[in-house]
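There are 4 protein chains.
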Amino acid sequence: MAGNTFGTLFRVSTFGESHGPAIGCIVDGCPAGLPFELAFIQHELDRRRPGQSSIVTQRKESDTVQVLSGVFDGKTTGTPIAFLIPNEDQRSRDYEHIAEAYRPSHADYTWQAKFGHRDHRGGGRSSARETAARVAAGALAKLFLNTLGIRVQAYVSQVGHLALHTPYAQLDLQQTDSNDVRCPDPLLAEKMIRLIKKIRKAGDTIGGVVSAVVTGCPAGLGDPVFDKLQAELGKAMLSINAAKGFEYGSGFAGVTMTGSQHNDIFLPPAQPDAPLQTATNHSGGIQGGISNGMDIYFRVAFKPVATIMQEQDSVNAAGEAVQVKGKGRHDPCVLPRAVPIVEAMAALVLADHWLRQQLNYQER
Amino acid sequence: MAGNTFGTLFRVSTFGESHGPAIGCIVDGCPAGLPFELAFIQHELDRRRPGQSSIVTQRKESDTVQVLSGVFDGKTTGTPIAFLIPNEDQRSRDYEHIAEAYRPSHADYTWQAKFGHRDHRGGGRSSARETAARVAAGALAKLFLNTLGIRVQAYVSQVGHLALHTPYAQLDLQQTDSNDVRCPDPLLAEKMIRLIKKIRKAGDTIGGVVSAVVTGCPAGLGDPVFDKLQAELGKAMLSINAAKGFEYGSGFAGVTMTGSQHNDIFLPPAQPDAPLQTATNHSGGIQGGISNGMDIYFRVAFKPVATIMQEQDSVNAAGEAVQVKGKGRHDPCVLPRAVPIVEAMAALVLADHWLRQQLNYQER
Amino acid sequence: MAGNTFGTLFRVSTFGESHGPAIGCIVDGCPAGLPFELAFIQHELDRRRPGQSSIVTQRKESDTVQVLSGVFDGKTTGTPIAFLIPNEDQRSRDYEHIAEAYRPSHADYTWQAKFGHRDHRGGGRSSARETAARVAAGALAKLFLNTLGIRVQAYVSQVGHLALHTPYAQLDLQQTDSNDVRCPDPLLAEKMIRLIKKIRKAGDTIGGVVSAVVTGCPAGLGDPVFDKLQAELGKAMLSINAAKGFEYGSGFAGVTMTGSQHNDIFLPPAQPDAPLQTATNHSGGIQGGISNGMDIYFRVAFKPVATIMQEQDSVNAAGEAVQVKGKGRHDPCVLPRAVPIVEAMAALVLADHWLRQQLNYQER
Amino acid sequence: MAGNTFGTLFRVSTFGESHGPAIGCIVDGCPAGLPFELAFIQHELDRRRPGQSSIVTQRKESDTVQVLSGVFDGKTTGTPIAFLIPNEDQRSRDYEHIAEAYRPSHADYTWQAKFGHRDHRGGGRSSARETAARVAAGALAKLFLNTLGIRVQAYVSQVGHLALHTPYAQLDLQQTDSNDVRCPDPLLAEKMIRLIKKIRKAGDTIGGVVSAVVTGCPAGLGDPVFDKLQAELGKAMLSINAAKGFEYGSGFAGVTMTGSQHNDIFLPPAQPDAPLQTATNHSGGIQGGISNGMDIYFRVAFKPVATIMQEQDSVNAAGEAVQVKGKGRHDPCVLPRAVPIVEAMAALVLADHWLRQQLNYQER
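Residue numbers (the working numbering), protein chains in the order written: chain X, 298 to 661; chain A, 298 to 661; chain W, 298 to 661; chain P, 298 to 661.
Isolated chain X, as found in the complex (with noise of 0.2 angstroms):
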């Protein structure tokens, strides 16, 4: 079965290659009525496109947006809206040298061993360009949840050796987009776009954490016992380019703690019937599953881009020693262009979850 659509009821199946004439995205189960921006979501692709800055790959690409069915009189009428992104600037060229070669830690040998051959192109379908339908469909997501009340907002909180260790709540998110880096605490951003620039130089590529929050989500979203709402979120990130990890809340660094340590107290509430809260927050939003009305927050880990350009020995498609080496333009570091992903992926995950709760409580 086929692994190119994501969510249940708010759904995305997403299509096209790298160099092949466009990519795109049907999004499937959008309620009607909403009132459509295609303005946002232009805006939330210019976040991810290349070129934006000088720390990201080259490429020219302006990913203008079309919208080809599903909105009517600037609202959406409840039938599938299809994102369409036509791809500019192929320079198919760059790719020759590699169409037998398998570049190291890249999807090629993979991709062969799967499907038999491939579109080599610029990487074909496992090029990180598919993302760029996720962001539009995420931004259509996102102009769901602001009706709702709900906010996701994501920040690069570490580059290589650079990790900022101040909780999210110290932090003035908005600052996040005021630099190239897409770091909120400006002296590291300067840091962080350094260091890019040094490994850039060196031909080589560097590695890094997202994290995010969501704020605004009332309790009750996720579904036990499988799709439980961190396992959605861990999912869609784990379905990124590049992401080798995910953990929420206290994470990988709350085992060495004791329960008496980690639980989070209630706090009795103002009013009886309001919403409770808890002292502390280690279980980032989510217990048993489900969101608990407080803030989900979540790390993402990202590995350094396999491109780099450096001779590497590799192997090719007759099993003979090659060297290889990055032609093109790529990015020495995917963190900053990384944010508006996982923002999108996890604003699919809320409002599928948010449309799904729908179901679950009938008051009668």
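Treat the hints as calculated values from the structure; they're not laboratory data.
It is possible that part of the hints are untrue.
Same chains, same label: a pair holds when it works inside one copy or across any pair of copies.
[To be verified] Using 35 angstroms as the maximum straight-line C-alpha spacing, the simulated DSBU-like pairs for lysine-lysine come out as follows:
1. Lys494 - Lys622
2. Lys498 - Lys372
3. Lys372 - Lys622
4. Lys372 - Lys357
5. Lys624 - Lys372
6. Lys488 - Lys498
Knowing the structure of chain X, use the given hints to seat chains A, W and P on it.
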């Protein structure tokens, strides 16, 4: 949409509450003709069973599994296989004191918020007892994977601050079940057991990490772009009670590496058409979301158990301040019993994706 | 992908073979808080039960249903509801003579072709016994629909050449269960019963038609373009053993009409915002795949039962000519027992689509 | 849950409205390595195209299909295949008069009831224009089935009272496309064409029946208990605009037969392991929901088109009595253009179930 089904082609749907008559599951999509070994399935359940050692809950459940359908003449028939595990030890009175109170860091409040009412006895369906059904289904998946030469092995690699840093390849994983905590390093296992006993004596609990490795997996498993193998494994693991994080291959540690350090160089094969191997395996056996034929390995973080034998402040359904304290028989540390659950969930993912891969490539 | 699950949001998965320990199902997605009436569910099963009258099979099964999960304090909890129906009367020896022979117009040959081996006892999972699980699930759906004012009623409208031509609106459907054949016209019912007895005496079987009507269904149910309400009802009915055809509204007879004859004129409503009604109802309550608030009505054709008490030529697994003759206790006509099955499947479709419609339109 | 996706493994998701920029679809799950013939796909679309003859709508759409992804070097790659069909002839003004009025037996009222608002231009997404996307997807399925020797052929067997009673096996189905109405009996075709022209002259419309036959289908396709092959075919057909009924094999006529008449006797095969054949084929090639290797045949009833060129009483959104009359260019009879749609939907079902059957039986 309810979340009680896992997998797409090899698919398990679980049912049942901690203190109802029984729990169980239906496995649908298991291929016909598979030799069925009930003894092996019971063996796996015994590894998860309460009361198996002095460092786990002393709740008395034999967890004897019955097979109601889908097997004839010792083989699977291709029809749904229903497993039933009667509940035996139901001291519901142990839970009367929390009928109205919300236990800290438990699912009491969130299930109430989600469904409007709940079965409070033993946590109802949020109880980890539900995972027994997963282990039964996972054991069947293991029987299937065995015929394909694929093996899943998990072990406890950390309890509290006691961490096993030896790479899995240097461990004798046969030793895992030789001690009560399921750590393959006998000396460290001793320390972990002592730590757990000490923690229990203090009426407290402790977290830890389960590591896992899959050997014998062919290249080609995993379905980009959303159902990448790591995304599916991550969801599977994060759906287990108390899991807080997932990482594979280099994981969170990989973010500080450069591309030139992290990339796994392909080695020229002995014969031209032999499966490729890589010099290192930072990829954790998965590249571009698809298995590459190398070992798959990953780690899962588990928080400390929320039920502690100490008085804690909390709130009841009326919003009043109350105090709660664990009664009954609980695990001071989930790690030893989490090992077969991690293996079961991984086996379900791999069986599902092995079947999925049958569809992708057709010689013609 | 296995086909043992029906529905998307209100979803049933059945399991079990005719001569195994039990059959049953899991219903997932039933909203929480629904008052649960086990007696009603048993009542519906009794309407489908073997041995209920002199014109059905005399196989002895009490079909006593047990509920294993998902209900607490007399209400559904929103978790999976598992139903178990133990098999009691398993004369497997009645089937030994056909272990190798393929009975004409049975599923013996096709199941063998599909799965490579099969459970031949009583037809295994191809037995109509499986429909008992559907009736249990459908009864739960009926309980849900009752709270919404939606009612499903089926009846036998034809046995062999004996056809009831009276439109449903002129029948007293309360009479349906007043006779053994479940035809609401008492005089025709008598004739049908006599025909069935005569057919049985000849060792033969006979087909017929079940008609059904849904009242109280609001406008808006059904999900174009593929999951149109008639498409879902049609699939539901055609999945019942022995069903050969489905038509709704004007059906096959409507093909000879002109548009000007067939169109259902809208009537001006008493109040401007009242639901609309149409002067005629050739549409069968569904327009463009969506319910329009008028009665939904449809018909299902059932072929004669394949098991006859006469010698028939056939072939065995070795390809040799053999003769087979029915043994044991079989229905001379499935129609009387098909009525609750048709109702159950229709109820499942409507419950599912009522939930689906909750997602489509959000006032904002 | 939205209903714009069909199939489980070979899966199509359509999008687009009659008067938007474009319609199209994504096909996901088509195996890699299939030779791709765009000319054949266009050929199938031409068979459905408006304006193809004097007895269909004269709306001008070239229905030129573009392929955006999933094909490389003339073969499918295993990734999603996106088809785009731009809309060309959008006389939206033809629909301004019905912006507020509900046309009788159209989907205007029900879509309004479902979604709260709608795109009224040309019926929006309820327009039969959407079926062009199905034909593109179905043509791809046909390319796949061709490699397996499976063939789907449909033809018009009835228009109004003019019915073709000759069994399909005695017809020359090559003749189907030799006349404008797509009836393989040239004499009857002439009469049908005359009838349609007469009906159109009267400003009216007429219904009919499409018959279809599948040859070369191996035994084993179809997934009991719910996804029986006839249930899936039935759903596929009943999802087509204007379809009112479906029957296969003996269908509704079979209900008057006895079991001894209806049963299909197996014939001893020439070799012991050859596929079995039956003396008759009342089963329509499907037994127990699974194909048995004989021809599959079925019939689909279509109602008369709702848009007529006569004044009809109706009601507008405000509940006021109004009169409506068709404007623009419409089909007097959908049957000729329904033939490729029936074939497309049948091909999608068979491709899907052929893939599904790959999972059921594994030699070991």
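Hints versus structure:
1. In this assembly of identical chains, lysine 494 and lysine 622 lie within 35 angstroms of each other by CA distance solely inside one copy; the values are 19 angstroms within and 55 angstroms between copies.
2. When the C-alpha separation of lysine 498 and lysine 372 is checked against a cutoff of 35 angstroms, the pair qualifies neither within a copy, at 47 angstroms, nor between copies, at 40 angstroms.
3. Only between protomers do lysine 372 and lysine 622 lie at most 35 angstroms apart by alpha-carbon distance; the minimum there is 29 angstroms, versus 48 angstroms within a single protomer.
4. In this assembly of identical chains, the alpha carbons of lysine 372 and lysine 357 lie at most 35 angstroms apart whether taken from the same copy (32 angstroms) or from different copies (28 angstroms).
5. Taking the shortest Cα distances, lysine 624 and lysine 372 sit within 35 angstroms of each other only across copies (27 angstroms), while inside one copy they are farther apart (44 angstroms).
6. Proximity of lysine 488 and lysine 498 under a CA criterion of 35 angstroms is satisfied intra-copy only: 15 angstroms inside one chain copy versus 48 angstroms between copies.
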